[in-house]
Amino acid sequence: MSKFTQSNSTISTLTGSKSLLSRENQDKLLHGAIWAAAGVTILFLLWVVWHILSNGLSHVSWEFITGAYTRIGEASGIWAMIVSTVYMVLLSLAFAAPIGIMTAIYLTEYAKPGSKFVQVIRFCTESLAGIPSIVYGLFGMTFFVTTLGLGFSILSGALTLAMLILPVIIRTTEEALMAVPMSYREGGYALGSSKIYTIWRLILPSALPGIVTSVILSTGRVIGESAPVFLTAGMVTQIPDSVMDSGRTLTVHLYKLTQELFTQHEWDQAYATATILIVLVLMLNLATKVIAGRLNK
Amino acid sequence: MNTATKVQPQGLQLAPKNAIDIKEIFFHGLFLCCAMVGVLSVSTIGWFVFNEGLPAFKEAGVTEFVTGKEWLPPALYGILPMIVASIISTAGAVMIGVPIAILTAVFLAEIAPKWLADLVRPAVELLAGIPSVVYGFFGLVIIVPAIETLFNIPAGNTLLAGIIVLAIMILPTVITISETSIRALPSVYKEGALALGASHVYSIFKVLIPAAKSGILTGVALGVARAIGETMAIIMVMGNAPAMPGSILEPARTLTANIAMEMSYATGIHSSALYATGIVLLAFIVLLNGSLLYLNRKRAY
Chain A
225 MSKFTQSNST
235 ISTLTGSKSL
245 LSRENQDKLL
255 HGAIWAAAGV
265 TILFLLWVVW
275 HILSNGLSHV
285 SWEFITGAYT
295 RIGEASGIWA
305 MIVSTVYMVL
315 LSLAFAAPIG
325 IMTAIYLTEY
335 AKPGSKFVQV
345 IRFCTESLAG
355 IPSIVYGLFG
365 MTFFVTTLGL
375 GFSILSGALT
385 LAMLILPVII
395 RTTEEALMAV
405 PMSYREGGYA
415 LGSSKIYTIW
425 RLILPSALPG
435 IVTSVILSTG
445 RVIGESAPVF
455 LTAGMVTQIP
465 DSVMDSGRTL
475 TVHLYKLTQE
485 LFTQHEWDQA
495 YATATILIVL
505 VLMLNLATKV
515 IAGRLNK
Chain B
172 MNTATKVQPQ
182 GLQLAPKNAI
192 DIKEIFFHGL
202 FLCCAMVGVL
212 SVSTIGWFVF
222 NEGLPAFKEA
232 GVTEFVTGKE
242 WLPPALYGIL
252 PMIVASIIST
262 AGAVMIGVPI
272 AILTAVFLAE
282 IAPKWLADLV
292 RPAVELLAGI
302 PSVVYGFFGL
312 VIIVPAIETL
322 FNIPAGNTLL
332 AGIIVLAIMI
342 LPTVITISET
352 SIRALPSVYK
362 EGALALGASH
372 VYSIFKVLIP
382 AAKSGILTGV
392 ALGVARAIGE
402 TMAIIMVMGN
412 APAMPGSILE
422 PARTLTANIA
432 MEMSYATGIH
442 SSALYATGIV
452 LLAFIVLLNG
462 SLLYLNRKRA
472 Y
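Protein sequence lines, in the order shown, are assigned to chains A and B. So the first sequence is numbered by this note's numbering: it starts at 225 and just counts up by one. So the second sequence is numbered by this note's numbering: it starts at 172 and just counts up by one.
Be careful, since some hints might not be right.
[Stated by the list, open to error] Restricting the straight-line Cα-Cα distance to at most 27 Å, the calculated cross-link-like pairs of lysine-lysine (DSS-like) are:
1) B/K377 to A/K252
2) B/K285 to A/K252
3) A/K419 to B/K194
Just so you know, the hints here were simulated from the structure itself, not pulled from any lab data.
Pulled out of the complex, with its shape left as it was, chain B reads as follows (with noise of 0.2 Å):
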């Protein structure tokens, strides 16, 4: 099969008989490729969203194109309301869904017996797994009628909609990476505590939560990403009018939402301007993620 296997003839000297192995030399090459496909697609994705979103910046004006109100294509390209709508249907998910989606990671790491915990876990999956617009459909059948009546308002296509569908949408991925960090704990923590003659949920609240701050704080950054990165359920439930929301109980248009309904027929500045909303987007990621490594480095010390 290789080079090493072959039975060497006597009286030669005995050296490995390729110093140079082709076939190695082949798959490392072929891998390490592979590993570059990665690093070229981030690159082309960035250096294409940059490219073509600048045409929009030098027509409108950065400050121009993020503070403007009026998102009249081709004339006026200001996305204020969309920036507004995302931050505010993002918060929103995250005050309903995180303290939920903590609580459950608690109840299924330290109050569940195990059986029911083996139970509700594949269930927080399941949830994980179901495609957006199928949450989106949801919504509209469902959550949007119950805004209408609840609140007694025409069109129940409101940035409340949006909130209540995301924050269904972001409890499996806060629930798994809260749970799976509370597990991570050293038992000592929690037998120190029960030593110490604090209860149990005691515990939980005061030691347990606090220690695995980090990565619950993780597992919320990641839930916020999902609420922000969103796109098909809001286009469904919220209305997508690119007006600023006076209200929740206003239709609104997210960022995402903005690139996803035109981008379809946009052409020249209107395109680009559809690519900037994207780089704005990415600055929101970016932000997150640059957040989150600073609280995480400020616990580390």
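Isolated chain A, as found in the complex (with noise of 0.2 Å):
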């Protein structure tokens, strides 16, 4: 909004005293200033990864990815987190995925195209995406931990977080079912197949990499969130025997590490956490590109 405004104003103001800046030389500022933020923004991406890379690369190793998280001590791992990790991440796509692709369905081969409760589905989810995330922790607290006594555990943190990440999960495969030819459920029905066949057998396949793109982006957002998890999954260190645990993930990890940040090992635990967390970003961005490779063939 406001850049907006400004790069007008810069341009009046340099047409405007033209005896200052012939046109060709504005024209070499504003080209400038471009090229100056396009280098600006991959300078703080390149930043920001490599200063933690830099320095949490050479702490992580095997004993820290599989050793026991220890209070104190020189020998504490993650291994505990991960697990915790995983199992926030399979748990709410087990309940989000499911939902959100059947009401995809539901939208691009059921509904009535611009009915009143297509309208009403569609402002309802894209609330939900509107909602900030620490307002889901709040709902999840009281919600899932309180009235219906889940207690602190991976149950209440996937639930919560399956209704964050139901959006996200809803538009992308939308996009890829909607991205189907119309002509491959003419097709289906001139063969006389019911409708449900048609879905499962020719147009569910040809959106699967869709699909899978939304579940790793969603994947991404698991990984990614904090506020919501600690308050409703709790960060209990130990490994969780089962979902009704309470479990520290990777972020909430890093998080209470940056707490109390003292011994030069508490230093290196944040860094190697920080430096797992980027790797698992980059191998999330790599799948989609290749599946995305994968669709364009």
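These two chains come separately, so use the hints to put the complex back together.
Below is the structure:
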């Protein structure tokens, strides 16, 4: 918003004082500004990633990844947090993915496009996407943890995060389904297939890459969230025995570590945990690229 | 597999075997039920947040709650300092981040050669995927000490540190959506401008950006939403003092940080006051989306 007005006013001041800057020089100036802005963006990214990786990579070891967490001492690992994070991802996807995909099927294949009912569902999905994640945490803590009596557990956290990623899955799957050519449906029906058979055997397989992308995107969201997680899943550093146990995910662990950066060992641990998180994000990004590449072939 | 493929015995009248296909109806119903989950989620969250927040509004009074300058639970519930901190940190992040983001979007859509844009775009996506605690950690180890040295103050956990971290965090959102909306413009806009003798840069700033305005505004609004809603990174770098910040070189606590920091031990009216903080936060988001709708509608006429 502000840039828009600013760039406009830059131009008008520049054009207003023609004697100061020729049009050619204005062009060069603005051209330079565009390159500089892109440079700043890239520099920030490189800086963040480089700073974390260069300080963290040397502390990532097999012992660190598979070791048990100890409050004090030199040999502290993050295995419990990795297990909790994996639980959290799998469980929240198990809730959100089927519901999200089926909602998308309903919206694209069954509902009358543009009907009042569809508008209500769309409005609600968009509202869900707009709610700040801390409000999800607030809600999850009262509803799942206290009211339903699930306690601080992976299950409470996963249910909360499932609500949070639902809009992501619905929207991305919907786009994938809408990209399936109409002729597939017509072909299916022309051969006498029923609607559900056509969806199952023709439409879903051809939309699969898009659906997988939506699942990967929400995996990233689940891994990256922290505020709603520590309010619902707690931050116990034990390996969870079941989904009813409290668990600490990697992001919550990094947050807790930064609250107590006293010894060099704690610093190393924090950098190493941040490194693991960045590597995870890199791998997820790569996975979506590979799938998108397959899709274009 | 299903009724339509079965061979009908000869001599019988050809008609759909089952006028009502139970399988069809079952799946239609199942999909419909799933579609209702989203609606149900929003109504449950809305009902809960308002129901839980109301006692605090009743106890403290809405005006006192929103304009009160003291946050001393369980005695005083005033969240004006948090509102101010949220607004200033978001506005600051927008002032720094949005110009850079829009120019980068222009760079990707118009200036960069294809190979370079294909390198920068994944980098921007990576920037979007990095967890907010990692940004918070980066802010804590780089930006906070830098502010301490630069301004010669004892603690760098300040509003300014929050502004810088948020500015980095909103970059990818604004860049991606602005780039898409600039690319979506019909090519005649640029061709027309160039045919009239305008330079490339001139046509970008005078024709393309104004034409893509509604898309760019949407990107900015989403960036603002991300900045207002951000919690952990802010807690890590902003100092979290619930007092009115005197300048951007003082610590501050945002609405989100207020909820996250006290929720785990709050009970009774204190907990209700945190829900009320959530209502205020939601009010900001509604206001934001409302003004976006209004701006885009005005443009459409």
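**Study point:** Straight-line alpha-carbon gap B/K377 to A/K252, limit 27 Å
**Key:** holds, 15 Å
Practice item. Decide if the proposed pair is consistent with the structure: A/K419 and B/K194, CA atoms, cutoff 27 Å inclusive. Key: holds, 10 Å
Check your understanding: Hey, B/K285 versus A/K252, does the alpha-carbon distance stay inside 27 Å?
Key -> Given pair B/K285, A/K252 holds - Cα atoms ~21 Å apart, limit 27 Å.
In summary, this structure violates none of the numbered hints.
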